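S.K.: Sequence:
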Amino acid sequence: MPLLMLGLLAIFLIAPSAPYHEFTGLPLDSLPQYLGLLALLPIVAWPWLRRRWCATAARLPAGWLALAAAVLAAGTLLKGALFEEGGHDGFAGCYHALYRHEDNIRPRPDDRRAGLCEKAWENPLARFHATRIDPELDFGPRDWNLSFVNHRRFNFYDWRGGSLPRDRLPFSAYWRGAISSPEPRDATLTYVGRVQVWLGAEAFTFPSSQGAPRTAGMRLPAGDYSLVIAYTFDDGYRVGLPERGGAVFRLTTSTASGERPLRTRPAPAVWRLAGRTVDALAAAAAVVLASFWLSVTGMRWRVFLATAVAAAIVYAAGGEWELMGIDAPMTLALLLPGFMVVSRRGQPSALAAAYWCVAALMLAHEAAVAGALDAVLIRRGGSDYLTYESFARAILDTGSLAGGEDVFHYQPFFRYVLFVERLLLGDGDLLLPAFVRTALVMAVLFAAWTFRAGESRLDAALSLSAGALMLALVNTEEIVSAVRQSLSEYPTWIGFLLCFSLFFRPRGGGTTTGALLLGVSLITRINQAPGLLWLLGSRAWIALRAGQRGFLIAVGVFGALAALPAVHNYVYGERLVWTTTSATISQNLRIPPARYLDLRSDEALRAQVVEHLEGILYSGAEADRGDRLRPWPVYRGLQVLWLTAVIALFVRRRGSRPRERVDLATVMTLASPVVFLAPHLFWQVDVYYPRHIVIGYLAMGAAALYASCAGCRGGSTGGGTVVKR
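Mapping the sequence shown onto my numbering, position 549 (from 1) lands on 549, and the numbers just tick up by one.
Please note: incorrect hints may appear among the correct ones.
[As the list claims (entries may be wrong)] Just the calculated beta-carbon pair ranges, DEER-fashion:
| hint | residue 1 | residue 2 | range |
| --- | --- | --- | --- |
| 1 | 347 | 633 | 26 to 34 angstroms |
| 2 | 277 | 7 | 17 to 25 angstroms |
| 3 | 650 | 157 | 46 to 54 angstroms |
Hints were generated in silico from the structure; no laboratory data involved. Keep in mind the model is a prediction, meaning the values are calculated, not measured. The beta-carbon is built from N, C-alpha and C at its ideal position, and this holds for glycine as well.
Construct the entire structure; sequences and hints are all you get.
M.R.: So this is what it looks like as structure tokens:
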């Protein structure tokens, strides 16, 4: 019954509903729904929390649990009724882009999507024949938040004169709404572009405006009638021309308190009451979840209060207080939950409390930068950011798991990760990066919590330094920007840290979950295959030595996931391509291995190798370019820390009595950073720098944590074994 309750809570949260109440279901793009996701997801994913949930629920009378389950089921059915029959208020807006990349400056009447509404993540099923529901029409040049622009159909380059600027793409909008007015009233239109209005059967055409906003008035009659507005924006602006204002459309009406945006007739009272009932049930569920989390985390009011103060400072700083490319307020604020995790010896409750501290800090930081929950970041033309957003949107547009490519050329799995993230959190670029950054920081803290330091001062210093440097690394401007832009590496950063912790933790277990994460990381970034396979081999050696036959299941899970790109390519492209078609192209494979045979005689090759080495070591031109100081102390610190950890471990073994030697699995584990970084002696390292080397430096921090962990050095089933002689 407790697990059934958990499942019903999750279904109740994500079930879609009508758009005019708070808990509307997918996407979970409001703050209360986002908090609900944060509350439920760890309980589902973390076995310790699931056990606590089951133990807590088991203490309640069975009748209460049955009643709660029935109420949740009824609430879910009520949301289904609202979804099917509840209609909507606001204006159903059908948006349509007027240009595409192939035309550049011509309308696209031949496009297969001509006459269709563009799709949005907030309305993935395109209900009401609309892109989205706009509660009111009050748009300035910067707040249209049209996420469909992030598609390769509109791959215009902002550095090419005469090109369309991607942040002001010509478009049309067709709004439909129902108006109910007890008496006649005046309305005011403010716009840039062309506007036609239909009040019932009466049509109005307004003069075109292509420069400054034009204002026009009209009289709204009394009674109930439909309001239809056709709006088109194309002011002819192209890159290189004198700057213009952009699209504007506002429809306001006079009220006793002044001009206010015009609102449509609300939904029928019975459906509004149903929506309020759903919200009341959701509020009751929120109280239950909050009570459970407080019982788990304990009354750490001083920590939570300090986090609230830190979040306010982070919000006020707005990401502007940087020190050598590191967000100083955020990194310092994260030291509080970080210290709580490493200082509470073995307490999962400390990790649970740290989770909410991190989530609050990330939400404050992203709110300061984005400014609004529905703010959309327009990706740059010609970028990987735009490409992956486009692939995720291709799944939304077509309903096909081909994902925009019949045979993978780009990295395979990230488009599906991004599709699920967008489906969960919507079009906006505030909640999604906050969610991902929370997961990334918690993966660092989970590793620090898993590999708790030994009793020696050196172990403590290694552990604390590794945790602090890894927190600083994932909060550098380079990494934060990559997460906000949806660069494809971040799932592998999270997956690697969790997999490393599960594979090599002192008490063992978790190998199947670790293999699942490893397989997902592999098909997300195939260029990281050497390091990921090295980790699998290290853990396989431990399993072989310990006679853990169950590890074969983990290997099977990993192999099944690794085969998915080949299956996709064969099903959709009718070609058996095992990974991607881009693996060996010259843009990626800069120095083929055979060329190293000419290293002594080829001066240009030596210079190219040195350039790659500098990129790997975060030095030279790549680390110095730009007008901002790069966070080289973080990278250099992780290098020194990893070398110190490796040397200290071997020195300690040789100086022990009786003398001990480190076994092969431990050597392989500590060598993992080298295996992650070494492929970039052959493959490119400078594109979107430093995206390709980050996982190697996370591996350095993880290896240092592993070396400082007394349980890992003690021959447990989860870590390397020590052989005495």
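S.K.: Now tell me, hint by hint, if it's right for this structure.
M.R.: Hint check results:
no. : hint                          : result
1   : 347 x 633: 26 to 34 angstroms : holds, 32 angstroms
2   : 277 x 7: 17 to 25 angstroms   : holds, 21 angstroms
3   : 650 x 157: 46 to 54 angstroms : holds, 53 angstroms
Every hint from the earlier list agrees with this structure, and none is contradicted.
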